[in-house]
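So the protein lines, in turn, are chains L and U. Residues in the first sequence are numbered consecutively from 1, following the numbering used here. Residues in the second sequence are numbered consecutively from 1, following the numbering used here.
It should be emphasised that the hints constitute simulated quantities derived from the structure, not laboratory data. The structure presented is a predicted model; accordingly, all values stated were derived computationally and were not measured. Be aware that one or more of the hints could be misleading.
Which residues of chain U face chain L? A partial, calculated answer using Cβ under 8 Å [as the list claims (entries may be wrong)]: (1) L130; (2) V355; (3) R356; (4) A359.
Simulated DEER-style distance windows between Cβ atoms [stated by the list, open to error]: (5) L:E303 x U:G139: 27 to 35 Å; (6) L:R32 x U:S293: 35 to 43 Å; (7) U:D63 x L:R32: 29 to 37 Å; (8) U:G139 x L:L160: 19 to 27 Å; (9) L:L65 x U:G139: 33 to 41 Å; (10) L:E303 x U:D63: 18 to 26 Å.
The beta-carbon is built from N, C-alpha and C at its ideal position, and this holds for glycine as well.
Here is how the chains run, residue by residue.
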Amino acid sequence: MTARPGGVEGGLPAAPRRATVAASTKVVELWRARELLAQLVRKELKVRYRNSALGFLWSMLTPVLMTAVFSVVFTQIVRIPVADFAAFFISGYLVWQFLQNSCQGAIHSIVGNGDLIKKVYFPREVLPLSHVFSQLIHLLLALLVLSPYLVYARGWGVLLHLPTTLLAIALLTVFTSGIAMWFAGVNVAFRDLQELFVVIFQVWFYATPVIYPLALVTAQIGERFAWVSTLIQINPATWFIELARFGLYGSVTVQAGGDGPLLSGAPTLPGAEVVLVAGLWAFAALAFGYATFRRRARTFAKEV
Amino acid sequence: MGGRNRRSLGQLTGAQADPTQPAIVVDGVTETFRLYHERPSGLKERLARMRRASYTDFNALEDVSFAVAHGESVAIIGPNGSGKSTLLKLLARILPPDAGTVLTNGRVASLLELGAGFHGDLTGRENIRLNGAILGLTGGEIEERFEEIVEFAGVRHLLDTAVRTYSSGLEVRLGFAVAVTVDPDILLVDEVLAVGDAEFQHRSLERMRSFRDQGKTFLLVSHDLDAVRDMCDRAIVLDRGRVVFDGPVSEGVDLYRQRVVSRSAPRVDQRRGSRQATIEDVRLVDVDGEEVSEVAPAAKLAVRIRLRARTEVEVCSVGLVVSRGDGTHLFEVHTTWQGVAVGPLQAGQEATVEVRFTANLLAGHYAIACSVTDVSGRETWAVVAEAARFAVSPAPGGAGLVDLAATAVVTDGPARRTGDGKGAPIPLPRLQRRQARG
Numbered sequence: 001m002t003a004r005p006g007g008v009e010g011g012l013p014a015a016p017r018r019a020t021v022a023a024s025t026k027v028v029e030l031w032r033a034r035e036l037l038a039q040l041v042r043k044e045l046k047v048r049y050r051n052s053a054l055g056f057l058w059s060m061l062t063p064v065l066m067t068a069v070f071s072v073v074f075t076q077i078v079r080i081p082v083a084d085f086a087a088f089f090i091s092g093y094l095v096w097q098f099l100q101n102s103c104q105g106a107i108h109s110i111v112g113n114g115d116l117i118k119k120v121y122f123p124r125e126v127l128p129l130s131h132v133f134s135q136l137i138h139l140l141l142a143l144l145v146l147s148p149y150l151v152y153a154r155g156w157g158v159l160l161h162l163p164t165t166l167l168a169i170a171l172l173t174v175f176t177s178g179i180a181m182w183f184a185g186v187n188v189a190f191r192d193l194q195e196l197f198v199v200i201f202q203v204w205f206y207a208t209p210v211i212y213p214l215a216l217v218t219a220q221i222g223e224r225f226a227w228v229s230t231l232i233q234i235n236p237a238t239w240f241i242e243l244a245r246f247g248l249y250g251s252v253t254v255q256a257g258g259d260g261p262l263l264s265g266a267p268t269l270p271g272a273e274v275v276l277v278a279g280l281w282a283f284a285a286l287a288f289g290y291a292t293f294r295r296r297a298r299t300f301a302k303e304v
Numbered sequence: 001m002g003g004r005n006r007r008s009l010g011q012l013t014g015a016q017a018d019p020t021q022p023a024i025v026v027d028g029v030t031e032t033f034r035l036y037h038e039r040p041s042g043l044k045e046r047l048a049r050m051r052r053a054s055y056t057d058f059n060a061l062e063d064v065s066f067a068v069a070h071g072e073s074v075a076i077i078g079p080n081g082s083g084k085s086t087l088l089k090l091l092a093r094i095l096p097p098d099a100g101t102v103l104t105n106g107r108v109a110s111l112l113e114l115g116a117g118f119h120g121d122l123t124g125r126e127n128i129r130l131n132g133a134i135l136g137l138t139g140g141e142i143e144e145r146f147e148e149i150v151e152f153a154g155v156r157h158l159l160d161t162a163v164r165t166y167s168s169g170l171e172v173r174l175g176f177a178v179a180v181t182v183d184p185d186i187l188l189v190d191e192v193l194a195v196g197d198a199e200f201q202h203r204s205l206e207r208m209r210s211f212r213d214q215g216k217t218f219l220l221v222s223h224d225l226d227a228v229r230d231m232c233d234r235a236i237v238l239d240r241g242r243v244v245f246d247g248p249v250s251e252g253v254d255l256y257r258q259r260v261v262s263r264s265a266p267r268v269d270q271r272r273g274s275r276q277a278t279i280e281d282v283r284l285v286d287v288d289g290e291e292v293s294e295v296a297p298a299a300k301l302a303v304r305i306r307l308r309a310r311t312e313v314e315v316c317s318v319g320l321v322v323s324r325g326d327g328t329h330l331f332e333v334h335t336t337w338q339g340v341a342v343g344p345l346q347a348g349q350e351a352t353v354e355v356r357f358t359a360n361l362l363a364g365h366y367a368i369a370c371s372v373t374d375v376s377g378r379e380t381w382a383v384v385a386e387a388a389r390f391a392v393s394p395a396p397g398g399a400g401l402v403d404l405a406a407t408a409v410v411t412d413g414p415a416r417r418t419g420d421g422k423g424a425p426i427p428l429p430r431l432q433r434r435q436a437r438g
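Next comes chain L alone, as it looks inside the complex (with noise of 0.2 Å):
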């Protein structure tokens, strides 16, 4: 009754299951499976805010709010000089939440879908990618909602260089996917990673030029902490807020001389560099956010 698969090497069965799964079937696989991706994401946006009666506003309120506090904060009491605080803000501070918010839903897809991970086989990357999405959802929703705003504020050039916007979701998304999908798995085994969740992304939050302006950064840094300047030139989020602020806010340069005040240019068309940064560590992280996933994953049933 026993039948030896060995040695019959043409005519093995399709599709074995061992760790070596083709990465081209995994991804066809996910494919296959855009609709539970699809079904997952409604559920999240319409469970979300079911007994709320503000409802979907909510997720726009948060942004609203810090952005009028911040902007007290930051033009009256501690003043960075660039032009139109709250719009310069709001326009980071929206794909920060993007990220951050990403990552918290997608932190506990797994260890919280416990009993489905056991009983039911798909393609697990759907849980944390289920998150990313709908955040995805809520982002374009906000942008398009705050978007008046920004052209009273930066003019008609934000409708203009929309592609520019675009193209700084479309490679964040990419990244958060990597980073969410990180964030999952390794929360698996290592269950702190859920407490720790908080500290991180506070740090994180400070260390990206959200508040400030990258071009402060480097102006004003002195000697002694030119590697907290480092520390936030090599942070990958630095290189998309910065990238999707091209298209909403503008640049921000520092005038010739050095010393001078912040010019804060209209929005505009990003600069070459900044595009390949963000790409290289969009589909960077991807990858090894990915690859620790899948590496995870075949033991998550045993450990949620």
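Given the structure of chain L, go ahead and fit chain U onto it with the hints provided.
Just chain U, lined up with the frame of chain L:
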């Protein structure tokens, strides 16, 4: 190698069955679970605990191998904890094997849990779509089968209300309705028949029967042995992670019953009541005096019982009970009924008694118990509950409990020989059902 390239994309992802290959191949599979005594759930704990956490590795499955051809219906049975659910999870791709390989050929669907992914806040309609997607249906397929699902579950009037308000029975029906519309090549079913009311269970079995009749491959894990006998042709019996039997379903069920009974039966102290005598050794032998455990029907056997007297024994009798795998008492005899007794014996003296019989039994597993009693049979001095076990190999000729050694002859009219005398007898439960229906 060249053959591989010619496979379609559907076959590459296992979505289409390749009819030239077996449906399922499991080869040398071992699955290990690590049971931590105190689970270190984080980096901090692992660092704080410089030595490794204490754990035991336990093999849920050990070196399991078998193959299933397209269209076969196989039951996986075994005592609790024998690894059945783990095996199904391996076949359903939920767990990867720690050793060995698992290969499936064709679209696999598993009914391990109904209503997977159901969310109380979504409506029935939305949950059907979500559950269907989780089970692997594409958007188009869900739409196609939507009406069918709603009909089968009977939820049309509640389609747009939150599932939170459904009764649990309705939820189960809905989950099942979605699950059965998945049309795989290989279906794995695990204990899911245990939930629901009688009507639901009947419907589930109907659906599964039709699935099997369509020629699809079907694997069932269940403790409902009647259902197992009814639905499957082949049984694989697992015990503590190993395959102990792989063959016709009725034999497998017998073996399983015997194992379960022998496990749960209280361990009779082998030397109980050993004031006067003890049973030292029991052997089942054939005509040549060789010890046997598997015999042909109507084989001549003998049970050799060696007993030893502890005190002075005037006279005693030896008894023998033959029972079926599930404990059914088949035959009992005491030597005194045939006018034979043992004695007198000095303290410490031994005697050997041989009880000869013809195994007029049908295929199955049997056990022999022996006892030493006083002449009247009222006092039992020593008893061994399962002194010997033996199996009778299958042979044509009859079904039921006993073999009456029947032969058929046409005394008037034309006759011919059919087949090769290997026609399968009708299993007992089906006979009983037929009789009950009258």
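Outcome of the hint check:
1. L130: holds (4 Å)
2. V355: violated (37 Å)
3. R356: violated (36 Å)
4. A359: Since chain L brings no Cβ nearer than about 27 Å to A359 of chain U, farther than 8 Å, the hint is violated.
5. L:E303 x U:G139: 27 to 35 Å: holds (32 Å)
6. L:R32 x U:S293: 35 to 43 Å: Given range 35 to 43 Å: violated, Cβ gap about 51 Å.
7. U:D63 x L:R32: 29 to 37 Å: Once the Cβ atoms are compared, 34 Å apart, the range 29 to 37 Å for R32 of chain L and D63 of chain U holds.
8. U:G139 x L:L160: 19 to 27 Å: Violated - the Cβ-Cβ distance for G139 of chain U and L160 of chain L, about 37 Å, lies outside 19 to 27 Å.
9. L:L65 x U:G139: 33 to 41 Å: holds (38 Å)
10. L:E303 x U:D63: 18 to 26 Å: Hint holds: Cβ distance 24 Å, inside 18 to 26 Å.
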